[in-house]
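Visitor: Dock chain A with the ligand against chain P, hints included.
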Amino acid sequence: MLVKIFRFDPSVDCQPHYDSYSVEVRPEDKMTVMELLNYIADNLDSTLSFFSHSACHHGICGRCAVKCDGKACLACTTVLDGEDVVIEPLKADVVKDLVIQN
Amino acid sequence: MLEISKKVSADVLVIGGGGAACTAAVAAARNGASVLLVSKGKVGNSGNTIMIGGSYGMDGESAFHEYHIPGADPSFTKEELFRAIVNDGFNISDQNLVEQFVEDSPRIVYEVKEWGEEIGERFAFYPPSNWDVTGRSMGRALMNGVKKMENVTIFHDVIVTDLLKSGEAVTGALGMDPYSGQLIQFQAKATVIATGGFAPYTLKNTNSDMTGDGLAMAYRAGAKLADLEFLLFLMTAVEPRNMRGSILPALCTFRSKFDYDPVDRDGERIKVPEKLREMEATSEMCKLVHMYYFGRTVNAGKGSPSGGIYFDFRRFTDQQIDEMFEAVMDHFDGFYKHGFYHGESIREFRDLAKKNRRIEVGLTSEYSVGGIFIDENMDTGVPGLYAAGEAASGVFGANRVADAVTEMLVQGYKAGETAARRIMGQPMPETDGNCVAAAVGVLERLLSNRDGIPVSAAVRELETISDTALAMVRGEESLRRGIQSYEALERKLGQVTLAGKGMRYNRELMRALEIRNLLTCSKLAARMALERRESRGLHLREDCPYIDNENWQTRQLAYLADGEDQLIRKPPVVTRVPPRKPEKVDYERFILEEDLGMKNMEET
Ligand SMILES: Cc1cc2nc3c(=O)[nH]c(=O)nc-3n(C[C@H](O)[C@H](O)[C@H](O)COP(=O)(O)OP(=O)(O)OC[C@H]3O[C@@H](n4cnc5c(N)ncnc54)[C@H](O)[C@@H]3O)c2cc1C
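Keeping their order, the protein sequence lines are chains P and A.
Heads up: the first sequence at position 40 corresponds to 40 in our numbering, and the numbers run straight through without jumps.
Quick note, our numbering runs 102 ahead of the 1-based positions in the second sequence.
Same shape as in the complex, but just chain P (with noise of 0.2 angstroms):
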């Protein structure tokens, strides 16, 4: 599937931009939205930026919303359906790439 991020870095960057990411992702593979970042942090590129200094991971902080196409959720209890998917932050106001000051 392919997977599009918004990025941006406001001490660097003048406008926003979106990068996209191939990643191999079954249905049945029951990934979350917080593994496919953490994923492309891991793998792909490690300078993406998404809510993780003190994440509890099921649900229960809800701190790591972000939007999938479109639609606020979690990122660690949204579960990829293996079609593509663009995720950007909640909220206009962003810190770096996918967090926001929450």
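The hints are simulated quantities; they were obtained by calculation from the structure and are not laboratory data.
Bear in mind that the values here come from a model prediction, so they are computed numbers and not experimental data.
Among the hints, erroneous ones may be present.
Said to hold, decoys possible - Cross-link-like lysine-lysine pairs, in silico, DSS-like; alpha carbons within 27 angstroms at most:
{"no.": "1", "chain 1": "P", "residue 1": "K71", "chain 2": "A", "residue 2": "K439"}
{"no.": "2", "chain 1": "P", "residue 1": "K67", "chain 2": "A", "residue 2": "K439"}
{"no.": "3", "chain 1": "P", "residue 1": "K30", "chain 2": "P", "residue 2": "K67"}
To be verified - Far from chain A, some chain P residues (derived; all Cβ distances over 12 angstroms):
{"no.": "4", "residue": "M1"}
{"no.": "5", "residue": "Y18"}
{"no.": "6", "residue": "S20"}
{"no.": "7", "residue": "E24"}
{"no.": "8", "residue": "V85"}
{"no.": "9", "residue": "L90"}
{"no.": "10", "residue": "A92"}
Here a beta-carbon is modelled for each residue, glycine too, at the ideal position from N, C-alpha and C.
Guide: Just chain A with the ligand now, kept in the frame of chain P:
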């Protein structure tokens, strides 16, 4: 060059945002101190405090006589609680700390429950003297308590990277705001570490901030670390993959209506004595039983691909499986949306059980028994430095059966109280400028390193080493090899290289800082595990299947001397329960024959 953007000072600095930190902040404020409460995550919404999946409590006598709680059972006496902690801890608890736990806990346990109930959080009582509660409710209750204090200043989302000193004394800490990348220097007359434990394995069931930051920082600042070889494993989901890391499998087994056959990778039943299997519904001691029997299966090469086992349901009909999971869902009703445990769907887990008749289950550490060495006043021995909660050590000896939640509350409160009382009337200390420069230098080096290994590779390597070296059942050879691998990784870590050099939410930088700390804890845990040539509590040695009460009825401490780790033994403090006869006892026989396990599980 990085610069300090801000300096803040107060009487007491509390590092952490879970139960130990919140109660420390409240106690310090009540005793007249101004307080800085600095947490990596949000105060009241971080750490393992929000992961709580079960219950906690006090002794039954206090619940009945002092707090007049309907249904409390006074026959679960303070004396019984005390003895259970020492016995189940295989006799190496520092009993002065157990004394403090038992005597001081009722007051704060009760008060925190009141903070919660005041804002409508659910604390469900069950006899003898326990409450079921969710981590979120506990977090909100704590936050409500902290908000009542006027002189507590909260810093949410600030990562403390190192303690700062003047001479021998701790005088504050360096913090980094991950969002802005700004550095903050905290200045205080006393510092309390309440940063929780460490989780060294690939599979995690903890909050992501369990990287042993506080332990490693304290160690670098001159404190002693103790008992790190004792890690409490819990059955943890690995499938369905979206539930990976949930302790739902363990919680299922705690229901008496729930049943399964433990099988290995070949589908063969793993033999666990019936008497011990029954413990799953009656005692937390079952965690140790799982480690002992399933750890052996894994070492024999018969574990599942994730290093665990399988729950086999072939013996049960669909209807029976439905009934078992109905009992699990009933238990959580009122705490979570029906059919859920935290964010996880119990139905989805059930449906997988019905479909495949077999679910793979991993095992990984939920709690680190060891930590910073403290006395009964939570004093680390380093002037100005205190520690509390899971970050500290000493109450539970070699195995925890009593509640970690109670530990965090009672120790946090004590640490805050002691710290505030001791600094009254003292002037604000100065921090040594070289010490600040060194702490900032660590960050600068990480940002300027070139051509070393990437952070993610270092993390993976560390976790993989731990999976083998610090396995449920350990051995001389694997420990030796593990220590060598940790040392090799330590050398590589000096050059760990980040692709992103910015300061705004630099995940690589955060992880590089964490892994430095986690490596310190993991390596020392392996050193202690290698030294301890016996099996005791949560430390199991394949090559030493006996409890050696002649030579090892003792704690182990580590400290840094001229940059080298030094390990020493320290006999436990004994106040009431005498040590066991100095002899070797077969481990399996001991857990079969000894009356272990506290009588505080819920009737199911
Ligand atoms: C899944 C799970 C279920 C559990 N269920 C139970 C249960 O039912 N009953 C029970 O008794 N125990 C249970 N435990 C154990 C118990 O929850 C913990 O031992 C306890 O909450 C620890 O509290 P603490 O305040 O010491 O640390 P934590 O709650 O872990 O808090 C640590 C705090 O320190 C902060 N921190 C960490 N590093 C830094 C840093 N570098 N700078 C600044 N801040 C930092 C973190 O953000 C966090 O706020 C469970 C544990 C887990 C993992």
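Visitor: Hint by hint, say whether it matches the structure.
Guide: Against the structure, the hints:
{"no.": "1", "hint": "P:K71 x A:K439", "in the structure": "holds (22 angstroms)"}
{"no.": "2", "hint": "P:K67 x A:K439", "in the structure": "holds (23 angstroms)"}
{"no.": "3", "hint": "P:K30 x P:K67", "in the structure": "holds (18 angstroms)"}
{"no.": "4", "hint": "M1", "in the structure": "holds (16 angstroms)"}
{"no.": "5", "hint": "Y18", "in the structure": "holds (18 angstroms)"}
{"no.": "6", "hint": "S20", "in the structure": "holds (18 angstroms)"}
{"no.": "7", "hint": "E24", "in the structure": "holds (14 angstroms)"}
{"no.": "8", "hint": "V85", "in the structure": "holds (15 angstroms)"}
{"no.": "9", "hint": "L90", "in the structure": "holds (14 angstroms)"}
{"no.": "10", "hint": "A92", "in the structure": "holds (16 angstroms)"}
Violation of the numbered hints given earlier is absent; every hint is satisfied by the structure.
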